[in-house]
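Just so you know, the sequences run in chain order X and W.
Mapping of the first sequence onto my numbering: position 8 corresponds to residue 8, and the numbering continues sequentially without gaps.
Mapping of the second sequence onto my numbering: position 453 corresponds to residue 913, and the numbering continues sequentially without gaps.
Watch out, some of these pointers could steer you wrong.
Said to hold, decoys possible - Lysine-lysine pairs mimicking PhoX-like chemistry, simulated, CA-CA at most 20 Å apart:
(1) 676/W to 620/W
(2) 440/X to 429/X
(3) 337/X to 293/X
(4) 293/X to 308/X
(5) 703/W to 124/X
(6) 642/W to 437/X
(7) 720/W to 737/W
(8) 102/X to 620/W
(9) 308/X to 360/X
(10) 580/W to 620/W
(11) 703/W to 429/X
(12) 642/W to 441/X
(13) 440/X to 737/W
(14) 102/X to 703/W
Unchecked claim - Residues from chain W that face chain X, not an exhaustive set, calculated with beta carbons under 8 Å:
(15) 588
(16) 641
(17) 648
As the list claims (entries may be wrong) - Residues from chain W shown here face chain X by an in silico Cβ test under 10 Å; the list is partial:
(18) 503
(19) 646
(20) 748
(21) 863
(22) 872
(23) 919
Hints listed in this document are in silico derivations from the structure and should not be mistaken for laboratory results.
Built from N, CA and C at the ideal position, the CB exists for glycine as well.
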Amino acid sequence: MALTDTTFRKLQDIVGNAYCSRKKEDLVCYAYDATAASYLPDAVLFPRNTQEISAIINLANKDAFSVIPRGSGSGMTGGSLAVRGGVILVMSRFNRILEIDKDNLIAHAEPGVVTARFHQAVEKEGLFYPPDPSSSEFSTLGGNLAECAGGPRAVKYGVTRDYVLGLEAVLPTGEIIQAGVRTAKGVVGYDLTRLLVGSEGTLGIITRITVRLLPLPEAIRAMTAVFTSLEKAAETVSEIIAQGIIPRTLEFMDNASIRCVESHLRMALPVEAGALLLIEVDGKFETVDILIKQLETVCMSQGAKDIKFAETKSEIANLWKARKAISPALFQYGPDKINEDIVVPRSRIPDMVRRIDALKEKTGLTMVSFGHAGDGNIHFNIMLDKKNQDDLKKAEAAIDSLFEYTLELGGTISGEHGVGITKAAYITKEIGPAELKLMKKIKKIFDPNGILNPGKIFPD
Amino acid sequence: MAEYAPITDEIRSRITRELGDECIVSNLDEAGTYAQDASELRYTPEMVIRVEETRQIRRLMRLANEYRFPVTPRGGGSGLAGGCLPVRGGVVLSLENMNRILSVHTEDLVAEVEPGTLTKVLRDAAQSKGLFFPPDPAGMDQSTIGGNAATNAGGPSCIKYGTTKDYVLGLEVVLPSGRLIKTGTRTRKGVVGYDLTQLFVGSEGTLGIITGLILKLIPFPEAVSGTSAVFNDLPTAMRAVTKILTRGHLPSAIEFLDAKCLSLVNDLLPFKVPGEKSTLLIIELDGAPEQIRHEIGVIGKICEDVGATHLLPAPDKEERERIWEMRRQVSLRIHDNSALYIPEDVAVPLGKIPALVAELPNFEAEYGLEIYAFGHAGDGNIHLNITAESRDNMTRVEKGVQAILARVIRMGGTISGEHGIGEAKKQYLSMELSAESIRLQTEIKNVFDPNMVLNPGKIFPE
Numbered sequence: 001m002a003l004t005d006t007t008f009r010k011l012q013d014i015v016g017n018a019y020c021s022r023k024k025e026d027l028v029c030y031a032y033d034a035t036a037a038s039y040l041p042d043a044v045l046f047p048r049n050t051q052e053i054s055a056i057i058n059l060a061n062k063d064a065f066s067v068i069p070r071g072s073g074s075g076m077t078g079g080s081l082a083v084r085g086g087v088i089l090v091m092s093r094f095n096r097i098l099e100i101d102k103d104n105l106i107a108h109a110e111p112g113v114v115t116a117r118f119h120q121a122v123e124k125e126g127l128f129y130p131p132d133p134s135s136s137e138f139s140t141l142g143g144n145l146a147e148c149a150g151g152p153r154a155v156k157y158g159v160t161r162d163y164v165l166g167l168e169a170v171l172p173t174g175e176i177i178q179a180g181v182r183t184a185k186g187v188v189g190y191d192l193t194r195l196l197v198g199s200e201g202t203l204g205i206i207t208r209i210t211v212r213l214l215p216l217p218e219a220i221r222a223m224t225a226v227f228t229s230l231e232k233a234a235e236t237v238s239e240i241i242a243q244g245i246i247p248r249t250l251e252f253m254d255n256a257s258i259r260c261v262e263s264h265l266r267m268a269l270p271v272e273a274g275a276l277l278l279i280e281v282d283g284k285f286e287t288v289d290i291l292i293k294q295l296e297t298v299c300m301s302q303g304a305k306d307i308k309f310a311e312t313k314s315e316i317a318n319l320w321k322a323r324k325a326i327s328p329a330l331f332q333y334g335p336d337k338i339n340e341d342i343v344v345p346r347s348r349i350p351d352m353v354r355r356i357d358a359l360k361e362k363t364g365l366t367m368v369s370f371g372h373a374g375d376g377n378i379h380f381n382i383m384l385d386k387k388n389q390d391d392l393k394k395a396e397a398a399i400d401s402l403f404e405y406t407l408e409l410g411g412t413i414s415g416e417h418g419v420g421i422t423k424a425a426y427i428t429k430e431i432g433p434a435e436l437k438l439m440k441k442i443k444k445i446f447d448p449n450g451i452l453n454p455g456k457i458f459p460d
Numbered sequence: 461m462a463e464y465a466p467i468t469d470e471i472r473s474r475i476t477r478e479l480g481d482e483c484i485v486s487n488l489d490e491a492g493t494y495a496q497d498a499s500e501l502r503y504t505p506e507m508v509i510r511v512e513e514t515r516q517i518r519r520l521m522r523l524a525n526e527y528r529f530p531v532t533p534r535g536g537g538s539g540l541a542g543g544c545l546p547v548r549g550g551v552v553l554s555l556e557n558m559n560r561i562l563s564v565h566t567e568d569l570v571a572e573v574e575p576g577t578l579t580k581v582l583r584d585a586a587q588s589k590g591l592f593f594p595p596d597p598a599g600m601d602q603s604t605i606g607g608n609a610a611t612n613a614g615g616p617s618c619i620k621y622g623t624t625k626d627y628v629l630g631l632e633v634v635l636p637s638g639r640l641i642k643t644g645t646r647t648r649k650g651v652v653g654y655d656l657t658q659l660f661v662g663s664e665g666t667l668g669i670i671t672g673l674i675l676k677l678i679p680f681p682e683a684v685s686g687t688s689a690v691f692n693d694l695p696t697a698m699r700a701v702t703k704i705l706t707r708g709h710l711p712s713a714i715e716f717l718d719a720k721c722l723s724l725v726n727d728l729l730p731f732k733v734p735g736e737k738s739t740l741l742i743i744e745l746d747g748a749p750e751q752i753r754h755e756i757g758v759i760g761k762i763c764e765d766v767g768a769t770h771l772l773p774a775p776d777k778e779e780r781e782r783i784w785e786m787r788r789q790v791s792l793r794i795h796d797n798s799a800l801y802i803p804e805d806v807a808v809p810l811g812k813i814p815a816l817v818a819e820l821p822n823f824e825a826e827y828g829l830e831i832y833a834f835g836h837a838g839d840g841n842i843h844l845n846i847t848a849e850s851r852d853n854m855t856r857v858e859k860g861v862q863a864i865l866a867r868v869i870r871m872g873g874t875i876s877g878e879h880g881i882g883e884a885k886k887q888y889l890s891m892e893l894s895a896e897s898i899r900l901q902t903e904i905k906n907v908f909d910p911n912m913v914l915n916p917g918k919i920f921p922e
């Protein structure tokens, strides 16, 4: 339903004229995220505080328009898009780090704080907030919570939900709730905190966040190792874990990713290699050197070549350069990208690799895999021109069969990107009818009128 | 309040017919043991059933809905809040015989277990494969994994390793309707749909009956070392805790015992308690042997710099066992020595621990209580063992408890760190949770259990 002039004026009254727009040029800026999809909202709002959001929600229920909360739009599944029109709630003015409580190892922040800025602020105090989605330079804490963002460090440190102690949220009914605690533990009532985390902005609008922090590790060491095949690299990953070493990050790039980055950046990567592993360890000074030696031994015993080490911040950043360049460099392979985020139990990575190879052979499409080998999270991409109907059909069939195989191996079809709109059609492959029914009923309790972020997660 | 059917002969024979008679605990003495947990509460079940299979649970729940009788699931019965007691009568469903460890997978670092598996048995099984299941509730020789998940149990290792919820990846659950569902994944990551797994964890057996768990394991730490330190008072001890943590050390346990607790175990201490306010810190560290040997020295030095009067290094297992045994004895002796014993389990921000403990004498004087405080100094979780010399003046005691909890909430704390609400604390729920939050939660309960047959009367005051 289109937004009437009367409703728009009421919205102006709530947030002020300067923080409310329905000019085309403003709407376009908030019509996209990191998927290729684009939906024009009816209006964009920049609320200043929780009370304003509550008032907007109350109006939404009264005047029947939908509200879509948005961090910085770096999501990979369309979670922040106005698929049914309505009002985009941009959380950018909620950008204060309220307190870094060194004695209690916790921090309070507003949801619009950019993740990397938060990292810097806590690290300055000798503390550590581990979740590090690849988009952390622009993603926001609120968006990270809503999607339960992961990142390379998840192999050792877990994902966003493991750090959220409590939050404040405006419910789709306009009520403001405090969930969770400000302490390290708390078991009073149902865990609404973890229900809201990962709910992709469909159950409430997070307006304040309490996270736990860790002491900042003293030292980091990094290395890269080159393998003749991706399978060999995957076996090495298993061997590392079997030896009881949990690295801080354990990333892999397949041959296609290596070639892709090399032709983009010309940094003398081994373009003939089957795979490359990038491994980091952290901890006390005394332990990191021992660990990196152990890792070298494991890699050598698995036939690794060309092992490089990094100690200083800039050396480590250099090793990461190739890994971080993959996503943007991919488009040289084709104008369109189908991007998946599957996870399989770590021991099944070699099986998955073989299956991907077979699919590549069968379809002749360009497929690129990279990601978080340490936790079995594979970012799998098919690059194509979607105008080529034949290729598009082949790609869709390939994705279908890949998802089925993922689930057969005991995995999941979304490790850290969420479901949003791009995976909604597939959710029933993973979630059974009884489970889905429960989730929908929960949504209904929170949002009886269906005004908050409609059209997401659940297939229509 | 929902009305329930008594367990009539007809219901009894339907249950027997559909579940088989082996699972019925008919010996009265034996059935009587299911009337209690580790709290002081007592509610006698009308019928006790000890199932072997998920199928039986599904049938039981269908009957419960048909006849409207309550079913209360139970693990090891070591809970401290009455969560497994049949407060509205009906059937107690014991899961203790569903106790198989189905797999411990070394490469994936995952274990699949049935809910009746004892916590300690799982920890040992993991350790025999070089793996570690960190949650270590004090009752772990008696508690079950299903019970731990239902109450989101914690323990001393929480400071470094978190609580049970951090180790539950996926669940198999029989819903109150009898339907079987699966939640979560076998992988570390997974964000498909709402997090039902974490909704069940900590829901105290009110949303579903956990029949299978997929748990996350980590490599077993190579070595453990420890030290204990005596301080003149609690504020000094807490200064040491803060300093240890902010200097980048993350011990696997930092426990404290206040002077009152220490006075109960004088005979077990290798030193004379130096002063009236003396406080003991028990610190453990795990990791690579070279590293912790060095680090435990650094931590000892921090304690001394801050003002520790005695340092008792415990590099060997036997020495650490002795200290933990002393800690266990404190609990037992408090319990044995008092006519009335109320275990409160508050958590406050770390920095507030000394202030709270300093105020305890005022509460003791005002409400006629004797309060023994010990707990997890590293995560702010204080076990306030509230005792009184007689049970005569319960109203006054309850007022005292309420006043203490109100103070805890004003300090930014929570009324339950790891024990749960169950029956024992439900009257205090609204002190911490807003009306909106409670409404939302009762509506969630209603979605899962429209006939209120599963563990009724818990968490939410009626």
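Structure-based check of each hint:
no. : hint           : verdict
1   : 676/W to 620/W : 15 Å, holds
2   : 440/X to 429/X : 16 Å, holds
3   : 337/X to 293/X : 39 Å, violated
4   : 293/X to 308/X : 12 Å, holds
5   : 703/W to 124/X : 17 Å, holds
6   : 642/W to 437/X : 13 Å, holds
7   : 720/W to 737/W : 8 Å, holds
8   : 102/X to 620/W : 16 Å, holds
9   : 308/X to 360/X : 30 Å, violated
10  : 580/W to 620/W : 19 Å, holds
11  : 703/W to 429/X : 50 Å, violated
12  : 642/W to 441/X : 17 Å, holds
13  : 440/X to 737/W : 55 Å, violated
14  : 102/X to 703/W : 10 Å, holds
15  : 588            : 14 Å, violated
16  : 641            : 5 Å, holds
17  : 648            : 4 Å, holds
18  : 503            : 21 Å, violated
19  : 646            : 4 Å, holds
20  : 748            : 5 Å, holds
21  : 863            : 18 Å, violated
22  : 872            : 5 Å, holds
23  : 919            : 6 Å, holds
Hint compliance for this structure: hints 3, 9, 11, 13, 15, 18, 21 are broken, all remaining hints hold.
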